[in-house]
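A.B. asks: Residues per chain, in single letters:
Protein chains: 2
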Amino acid sequence: MSKKKNIVVPGFKFGAVKAGVKYKGRLDVGLILSDKPCQVAGVFTKNQVVAPSVVISKKRVNNGIAQAVLVNSGNANTCVGKRGLDDVKECTKSLAQITGLSVTNILMNSTGVIGEPLPANKIILSLPFLIQNARPGGLADFSKAIITTDTRPKLFSRTLEFGKKKVTIAATAKGAGMIMPNMATMLVYILTDADITGPIKSMLTAAVDDTFNALTIDGDTSTSDTVLLIASGASGVKISGKGANSNKFQAALNDICRELTEMIATDGEGATKMFKIVAEGAKTKAEADKIARRVANSPLVKTAFHAGDPNWGRIMMAVGSAGVNLDQNKIDVSFESKKGKEISVVKNGAISATYSENQAEKILSGTDFTVRINLGRGKAARTIYTCDFSAEYVKINAEYRT
Amino acid sequence: MSKKKNIVVPGFKFGAVKAGVKYKGRLDVGLILSDKPCQVAGVFTKNQVVAPSVVISKKRVNNGIAQAVLVNSGNANTCVGKRGLDDVKECTKSLAQITGLSVTNILMNSTGVIGEPLPANKIILSLPFLIQNARPGGLADFSKAIITTDTRPKLFSRTLEFGKKKVTIAATAKGAGMIMPNMATMLVYILTDADITGPIKSMLTAAVDDTFNALTIDGDTSTSDTVLLIASGASGVKISGKGANSNKFQAALNDICRELTEMIATDGEGATKMFKIVAEGAKTKAEADKIARRVANSPLVKTAFHAGDPNWGRIMMAVGSAGVNLDQNKIDVSFESKKGKEISVVKNGAISATYSENQAEKILSGTDFTVRINLGRGKAARTIYTCDFSAEYVKINAEYRT
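In order, the protein sequence lines correspond to chains A and B. The numbers in the numbering used here rise by one with no breaks, and the one at position 148 of the first sequence is 148. The numbers in the numbering used here rise by one with no breaks, and the one at position 39 of the second sequence is 39.
The following block holds chain A by itself, in its conformation from the complex (with noise of 0.2 angstroms):
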């Protein structure tokens, strides 16, 4: 794995600008551009209240093909009327052409405040410079152009090897604020040289499911979630969705997107630390979900664990409210540290007999840690990402648009 700034994905080239589209003098359009035509798979929010660039790159997307992905920060571009849809047409019918692609190989993004009209012009006067601007290394741009009130940009990237061939797989999120994407997040981007001639979607899909689509910032759902996965096939690598090659593409795909998910959770509005909710021993999965979703977006477990407060019992008390139905006698929770150490706070729903105060709030003092809800009542698990909750997040929010 690499985590280094110099990026390369052979058959994409990558373009960032400064258009002012909110502010001035910061990157905040950016253009995803391949070499031929690619497949490509798509996963969308699923909030009825919908951003127009979601829509029209969902239908574009659908069609299996992709050229370029134009992004741009700053503006939603969302509960504006009709223009809205105009706006992502203009945009993307500009940048058709200007490069001679067809248009319905170009997908959009708009990212930031809601029901503000998008200043349009500005982007598509940004496309000449924006063009001439895409490179090869040009990523690490890239990922800055696209985030808003995330502190750092997200980018991630690993190499596979397929006997003397490789492939490359690289990733870049934007995150912070309004997360609790359901289908998707925010924007992520996963672009690859390998050949994918198998099911594209339902791998997206598979590693969305339990990276993705479980992380929570602060159990608000935006109207702009969009992951998309590109593929170039320059490798020469066939990914047929079956066999060896398909089961270690997949498993770096789960890889990348489990990194960036925690990325994004570490960097939530106004977080401290980034924290793990394992709801285990449940009847099934969606069970599991909802207790460890529950815990998650408990205002009362966010704000004692960014204060390192073990104060469990609201821990018990958001589980015992997610809507399940269960026996609080045979709950038992405990607290693993980044390194793996583990210790025992609840069990058979009271005080575990070796609970230790000054352990649990060495664990809780770390930046990563993991509390595990074992509900005793069967064999299905899940794990939600989340962040802690702080008088800074309600800063940032208080005064975002003000």
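If you're looking for bench data, these hints aren't it; they were derived computationally from the structure. A hint or two may mislead.
Intra- or inter-copy, both count: the list cannot distinguish identical chains.
Stated by the list, open to error - With a straight-line cut-off of 30 angstroms between C-alpha atoms, the simulated BS3-like cross-links for lysine-lysine are: (1) K283 x K46; (2) K347 x K22; (3) K58 x K283; (4) K248 x K164; (5) K330 x K93; (6) K165 x K242; (7) K58 x K290; (8) K58 x K347; (9) K201 x K164; (10) K379 x K46; (11) K330 x K82; (12) K276 x K395; (13) K82 x K283; (14) K276 x K46; (15) K347 x K82; (16) K46 x K347; (17) K82 x K93; (18) K22 x K122; (19) K330 x K58; (20) K395 x K290; (21) K46 x K330; (22) K338 x K395; (23) K276 x K290; (24) K59 x K330; (25) K122 x K18; (26) K36 x K165; (27) K22 x K362; (28) K144 x K24.
Keep in mind the model is a prediction, meaning the values are calculated, not measured.
Once you've looked at the hints, dock chain B against the given chain A.
C.D. replies: Same frame as chain A, now just chain B:
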């Protein structure tokens, strides 16, 4: 209506003492004592992790008769294993011995930190003085003994005339945090001298559904939620469940519950303003509830309103993610001040032509306003009572236990 402190409800006495349950020097054990056995109805938390005092009181309320309620704050006596039930039995048995009442007519509630053993001996030793101290005018002191992070006691009463006879209804509540009741709220005691010969439980349920069950501070559901309606019959006025008398009593009961609900929302942990989210034009009340509750629980909406920022895009985001299939182009949103001035904010899913940011900011700068969301797909409506989300909430809850 009356907010005066010296409230008397014929047939009842109230006591309060400083027992040192958690802190020294504050009233923390309270007692409601009736001259005779009373009619009683209760609704209780649906949290699957539940306080032993709720388990026992729920069972005893089912008999329809109660004569005393013992309440402690500072300790929820929850998730403490089998000793939790023993402690409730021990406390109420001791009270029965001193007073000569039947133990099955004694209810108990505990509110405070979860997971610490109840200092039952402190409560038991306080009983003689508590009983000695009980008096008809003691409701104000009782209301102080039951609060935790509330900044003020919550007390309300009303006198109704039935011919030449008078009926008093008085009520007190505690709220503050861990408040999104499911069938009840934290602790509410409604006392009357009416003689309720009709279905007391259905009268209470009718009042609670649109008031305490429509309240959320932080989306977290307590393990101790309890609402009790206790009727001494001392007025000699019969409320049979049908007819004009019954309608008049039910209307007053609804009013009292709504007033207390607003008081609890206003005094939510860290709250600086109370507001109502009204979802209307829905197909069903359940659908309207989902929408209004989702908006009321959105951290992004609550932090924007804390800043007085009319960030209506976040309202649209929350509406769209409530799990209801909607046509976003039919959604209207308006803001209404306490004095009834209403301005259109969103029309058909986009900004209203008559929208004025200045007017919107003026309404949101108030400490009491209403957000109206019309879904344009039916006639059902639901009002949810809530408050803003401040850095102070984080501070209170990151410091509560430590």
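A.B. asks: Compare the structure with each hint and give your call.
C.D. replies: Quick rundown of the hints versus the structure:
1. K283 x K46: Close inside one copy (26 angstroms) and across copies (20 angstroms); limit 30 angstroms.
2. K347 x K22: between (52 angstroms within a copy, 24 angstroms between copies)
3. K58 x K283: Answer is between: at 29 angstroms across copies they meet the 30 angstroms cutoff, but 34 angstroms inside does not.
4. K248 x K164: So K248 and K164 pass the 30 angstroms test inside one copy only (15 angstroms; across, 86 angstroms).
5. K330 x K93: between (60 angstroms within a copy, 29 angstroms between copies)
6. K165 x K242: Answer is within; shortest intra-copy Cα gap is 18 angstroms, inter-copy 83 angstroms.
7. K58 x K290: Both: 28 angstroms inside a chain and 27 angstroms across chains, each within 30 angstroms.
8. K58 x K347: between (47 angstroms within a copy, 26 angstroms between copies)
9. K201 x K164: Cα proximity of K201 and K164: one copy only (27 angstroms, versus 77 angstroms across).
10. K379 x K46: Answer is both: 29 angstroms inside a copy and 25 angstroms across each meet the 30 angstroms cutoff.
11. K330 x K82: Close across copies (13 angstroms), not inside one copy (54 angstroms); limit 30 angstroms.
12. K276 x K395: both (24 angstroms within a copy, 23 angstroms between copies)
13. K82 x K283: between (46 angstroms within a copy, 26 angstroms between copies)
14. K276 x K46: Close inside one copy (24 angstroms) and across copies (26 angstroms); limit 30 angstroms.
15. K347 x K82: between (56 angstroms within a copy, 13 angstroms between copies)
16. K46 x K347: between (38 angstroms within a copy, 22 angstroms between copies)
17. K82 x K93: within (17 angstroms within a copy, 69 angstroms between copies)
18. K22 x K122: Intra 10 angstroms, inter 62 angstroms, cutoff 30 angstroms: intra-copy only.
19. K330 x K58: between (44 angstroms within a copy, 22 angstroms between copies)
20. K395 x K290: both (29 angstroms within a copy, 27 angstroms between copies)
21. K46 x K330: Only across copies: K46 and K330 sit 18 angstroms apart there, 35 angstroms inside one copy, limit 30 angstroms.
22. K338 x K395: both (29 angstroms within a copy, 26 angstroms between copies)
23. K276 x K290: Result: close both inside a copy and across copies, 14 angstroms intra and 27 angstroms inter.
24. K59 x K330: The answer is between: 22 angstroms across copies meets 30 angstroms, while 47 angstroms in one copy does not.
25. K122 x K18: within (10 angstroms within a copy, 68 angstroms between copies)
26. K36 x K165: within (20 angstroms within a copy, 89 angstroms between copies)
27. K22 x K362: Answer is between; shortest inter-copy Cα gap is 25 angstroms, intra-copy 43 angstroms.
28. K144 x K24: Classified as within; 14 angstroms inside a copy, 55 angstroms across copies.
The structure fails none of the hints (numbered hints given earlier).
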